[in-house]
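Engineer: From these two lone chains plus the hints, build me the complex, please.
Protein chains in written order, with this note's numbering: chain A, 1 to 301; chain B, 1 to 239.
Honestly, I wouldn't trust all of these hints.
The following label-pair restraints were derived from C-beta to C-beta distances [stated by the list, open to error]:
#1 L105(A) <-> V70(B): 27 to 37 Å
#2 G87(A) <-> N12(B): 31 to 41 Å
#3 G152(A) <-> V70(B): 55 to 65 Å
Here are the simulated BS3-like pairs of lysine-lysine, each with C-alpha atoms no more than 27 Å apart in a straight line [to be verified]:
#4 K187(B) <-> K116(B)
#5 K110(B) <-> K159(B)
#6 K130(B) <-> K170(A)
#7 K56(B) <-> K170(A)
#8 K33(A) <-> K130(B)
#9 K170(A) <-> K112(B)
Treat the hints as calculated values from the structure; they're not laboratory data.
The beta carbon of each residue, even a glycine, is placed where N, CA and C say it ideally should be.
Next come the chains, spelled out residue by residue.
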Amino acid sequence: MGIFLQILIDGLVIGAFYSLIALGYTMVYGIIKLLNFAHGDLYMIGAFIGFTLLSFITGDGGLNTSVLGIGMIFVITMILVGFVGMGVERIAYRPLLLAPRLSILITALGVSLSLQYTSMNVWGASYKVYPISLPKNGFEIIGAHISYSQIGMILLSALLMLGLRLFIDKTIYGKAMRAIALDQTACSLMGINVYRIISLTFFIGAFLAAGAGIMSGIYYGTVNFMMGFIIGLKAFTAAVLGGIGNITGAMLGGFVLGILEAYGTFYLGGSWKDVLAFGILILFLVFKPTGILGAKEMERM
Amino acid sequence: MKPPLLKLTNVNSYYGKIRALNNVNLEINEGEIVTLLGSNGAGKSTTLKTISGIIKPKSGEIEWNGQNLVNVPPHRIVESGIIHVPEGRRIFGGLTITENLELGAYTFRKNKKWIKEGIERAFDLFPRLKERSKQIAGTLSGGEQQMLAISRGLMGNPKLLMLDEPSMGLAPIIVQEIMHNIQEINKQGTTILLIEQNAKAALRLANRGYLIEIGNIIMHDSAEVLREDDRIIRAYLGA
Numbered sequence: 001m002g003i004f005l006q007i008l009i010d011g012l013v014i015g016a017f018y019s020l021i022a023l024g025y026t027m028v029y030g031i032i033k034l035l036n037f038a039h040g041d042l043y044m045i046g047a048f049i050g051f052t053l054l055s056f057i058t059g060d061g062g063l064n065t066s067v068l069g070i071g072m073i074f075v076i077t078m079i080l081v082g083f084v085g086m087g088v089e090r091i092a093y094r095p096l097l098l099a100p101r102l103s104i105l106i107t108a109l110g111v112s113l114s115l116q117y118t119s120m121n122v123w124g125a126s127y128k129v130y131p132i133s134l135p136k137n138g139f140e141i142i143g144a145h146i147s148y149s150q151i152g153m154i155l156l157s158a159l160l161m162l163g164l165r166l167f168i169d170k171t172i173y174g175k176a177m178r179a180i181a182l183d184q185t186a187c188s189l190m191g192i193n194v195y196r197i198i199s200l201t202f203f204i205g206a207f208l209a210a211g212a213g214i215m216s217g218i219y220y221g222t223v224n225f226m227m228g229f230i231i232g233l234k235a236f237t238a239a240v241l242g243g244i245g246n247i248t249g250a251m252l253g254g255f256v257l258g259i260l261e262a263y264g265t266f267y268l269g270g271s272w273k274d275v276l277a278f279g280i281l282i283l284f285l286v287f288k289p290t291g292i293l294g295a296k297e298m299e300r301m
Numbered sequence: 001m002k003p004p005l006l007k008l009t010n011v012n013s014y015y016g017k018i019r020a021l022n023n024v025n026l027e028i029n030e031g032e033i034v035t036l037l038g039s040n041g042a043g044k045s046t047t048l049k050t051i052s053g054i055i056k057p058k059s060g061e062i063e064w065n066g067q068n069l070v071n072v073p074p075h076r077i078v079e080s081g082i083i084h085v086p087e088g089r090r091i092f093g094g095l096t097i098t099e100n101l102e103l104g105a106y107t108f109r110k111n112k113k114w115i116k117e118g119i120e121r122a123f124d125l126f127p128r129l130k131e132r133s134k135q136i137a138g139t140l141s142g143g144e145q146q147m148l149a150i151s152r153g154l155m156g157n158p159k160l161l162m163l164d165e166p167s168m169g170l171a172p173i174i175v176q177e178i179m180h181n182i183q184e185i186n187k188q189g190t191t192i193l194l195i196e197q198n199a200k201a202a203l204r205l206a207n208r209g210y211l212i213e214i215g216n217i218i219m220h221d222s223a224e225v226l227r228e229d230d231r232i233i234r235a236y237l238g239a
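Just chain B, same shape as in the assembly (with noise of 0.2 Å):
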């Protein structure tokens, strides 16, 4: 079997002198969807910006590809490609979306061609940001800056994509529409790490899951066996 893409091994992380992560391990394999599920403050979010460089891990390795990541800058995790789409989107509301598209491709900044294509993409993926090219994203709905959030994401060119609850604060339908594309974006190739509070569609669209409760992995296991698990339904899918 080919070794996982990314690797998290006995993974500690403090906010201060506040442990937000307690010996983590967690497996990613090349082109799968992964869902890590927990409820507000479990560590999902602390999982991801470790992963992404944002926190320093205390203790414990990170490996990408076979390299280390722990102590690698942001900037250099991004450009080993693996893109973190943050909670609450965040993206430039003061620019334009072609100037967010374009910051997303930062890293490909010479490369106008692949700049060129991916704004392309971005918007065959989701048409409804063409209409708006030349709008300041802060103007765009919370649905439409969500897809903005994961179009600018994708045009680091991603080998591994983080989204950290995609679906907050949208409605169902929005909701529908940005799980189909994250299905789409993963046929094409890209393995995605997705944080959701919404388990129920989280673990349709993924293969496996993790299930995290105050900064430890409780239980790990393919997407079926979770969505039949008597604590998940309890917890997470409403009896």
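Excised from the complex, chain A in its bound form (with noise of 0.2 Å):
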């Protein structure tokens, strides 16, 4: 019993990563109907601006480091992600956005190697081992042990997720993406500057990859400049599970995934634990492409 507790707990802050990467993923495919698969280097990239600038104030890497301290750089690192997701968008997502969808996608593999042996330039080809380490201690329940930085990484993923929920549903910015998801022209007949709205989106996305880039770097303990790769298509997996345009369903196909992968490493073992996503992916697409929450798409006259 306790056992299962304690790799619900594991999947979740697992899935809580896929998800805020999900998000990304799902919400440009919703707005420009492109695979961005680019964006799970964005992950990577704020795994390592998380790297470096809690490098500058643990200094000695010890743990007297302050939460506010930390707070901060969390913020400052999804907000300079935010920008080079939006840089990316403007030098090689837009200027293609009227081409054929495959030269667009073609572009995001470039982008994709590009920020990867960017980062490799920067930061080196060989793992860095993160700056600060969580503290262990937790509580015991029914033999699981569960860390409070678990919990606390778990809740801030929710945070995240519905304060992005309340974005989406109620601004006028938010109104305007699902707008924009479903009549461009109509919307720039409304006034919107749809490029603008784009733009904003990336942003967003990558916000929140950077969030699970920083989490997932303490998490683990060690940063690598090709760690954005395998999420990346995890996340994928992860929107296209829970159904690919669908913000609520990436939210649910990441901590699906989270949790089924964390159960299928205990049972199986760990060499299959990709094996198991990706099969998971395959079946998907073979028998619900749509996906667990998947919108019927609307017919436009």
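Structural biologist: Here it is as structure tokens:
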């Protein structure tokens, strides 16, 4: 029983990372029908910028860093990476928005490689040990050890997702995003600067991915310039699982995938982890391509 | 005499290599209802799209309130007071009625009071929308969608409202209601450019009309004259 709960909590933490990244995937897909394969690398850039900033304040790698300082670094990193996301859209994708979808998809792969090797040149190719690690204290419940930092990460992710949900539902910019996903031309006729809203979408996606990046750096303890690749594909899987283009679906898909993976790893062994995740992707693509919450395509006249 | 509110001079627009507008000249004066008549594919919608900036003209001038509009992006044109209610209504089917109206007031997004009053005005003009304000717009009937599209256009406080076939696919009784409302909107001070297949209804409303064929304006005159014109009667009004 205890192990069951333990795995669930581990799965939720990993699922939270997947969800945060999947949101960027799904938002960008929703608004310009692009699978942004460079999105996982924004998560990696987030982890590295966080790494550098945290190194400044911790100095000797001690644990005496204040929560406030770490919080500030979270915010600064997320905003910086948000701008990187906007830059990627402006430089690489905007000139191709009217081009065939395949051109922009290939460009996304190019952007992904560019980000990876830029990062390699800046931070080096080796694994970097994160300057802060998690306090291990927590509590025991029916035999499972749950640390406060795990709870903290799940809560922080949930908070970010709640914030996003409110932004999309309640603000005029969120409404404009949903409207652009439905009909771009009609949006320009409302006086909406479509490019600016697309730019904002990239900012938010990158912002959330960067949050996941720092958290996973702290959680796993090491970062590497290739770390965005597999997790990007996993987040894509999560987005498809939930129904691509669907915000709530991406959140749900991330958690479902994280939990399934955690149990799969325990019962089948770690080497089957990726097989399981991508096996699920294939099954969904074959039997339910619209995902768990997939919206039915609105037929346009 | 006051200069026209909107003036198109020798405007040429293309779809790729195909010329859709051929030296179009058109004027609209403040307070008028002007109708643009013509058959399918004559260039009516293209004219509106060129004015609203969705299509860039290859040559020619578009002057609005003394300002040049060529190469101005569509959202700036909306901000300057020209609003285009496109063909086929193009409401946001996945959003609620209220959200559609709020997006119509996007250029006034900082002005909460305007949005609130605008929504009330829309509901006064089309009471049916009020009952369905929280409903997803895609579930509305065709007539209601058209009402929403017009109201959404009004939310942007247009000086010139361009309507592209507002009667398309609607029952005659609804068409009558919508035409009546268009007149009402005009009386409250909005200039209107109306595209219609239903020439009879349009000429009843309009002060002046233009007739366009294969990208050329072939006639323009007051609505009374056009109503009596042989060519128009034969082609559009039925013998």
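Engineer: Need the status of pair K110(B), K159(B): alpha-carbon distance at most 27 Å?
Structural biologist: 20 Å, holds
Engineer: Take the C-beta atom of L105(A) and the C-beta atom of V70(B), compute their distance, and say whether it sits inside 27 to 37 Å.
Structural biologist: 34 Å, holds
Engineer: With a cut-off of 27 Å on the C-alpha distance, tell me whether K187(B) and K116(B) pass.
Structural biologist: 22 Å, holds
Engineer: Within 27 Å, alpha carbon to alpha carbon, are K170(A) and K112(B)?
Structural biologist: 13 Å, holds
Engineer: Checking one constraint from the list: CA of K56(B) to CA of K170(A), max 27 Å. Satisfied?
Structural biologist: Since the Cα atoms of K56(B) and K170(A) sit roughly 34 Å apart, the hinted pair is violated (cutoff 27 Å).
Engineer: Check whether the Cα positions of K33(A) and K130(B) lie no farther apart than 27 Å.
Structural biologist: 34 Å, violated
Engineer: Check the following: the C-beta atoms of G87(A) and N12(B) are separated by a distance inside 31 to 41 Å.
Structural biologist: Holds, since G87(A) and N12(B) (Cβ atoms, about 38 Å apart) stay within the stated range.
Engineer: Is it true that the C-beta distance of G152(A) to V70(B) lies inside 55 to 65 Å, as the hint says?
Structural biologist: 56 Å, holds
Engineer: K130(B) and K170(A): Cα distance at most 27 Å?
Structural biologist: 20 Å, holds
The structure is inconsistent with the numbered hints 7, 8, although it conforms to all the rest.
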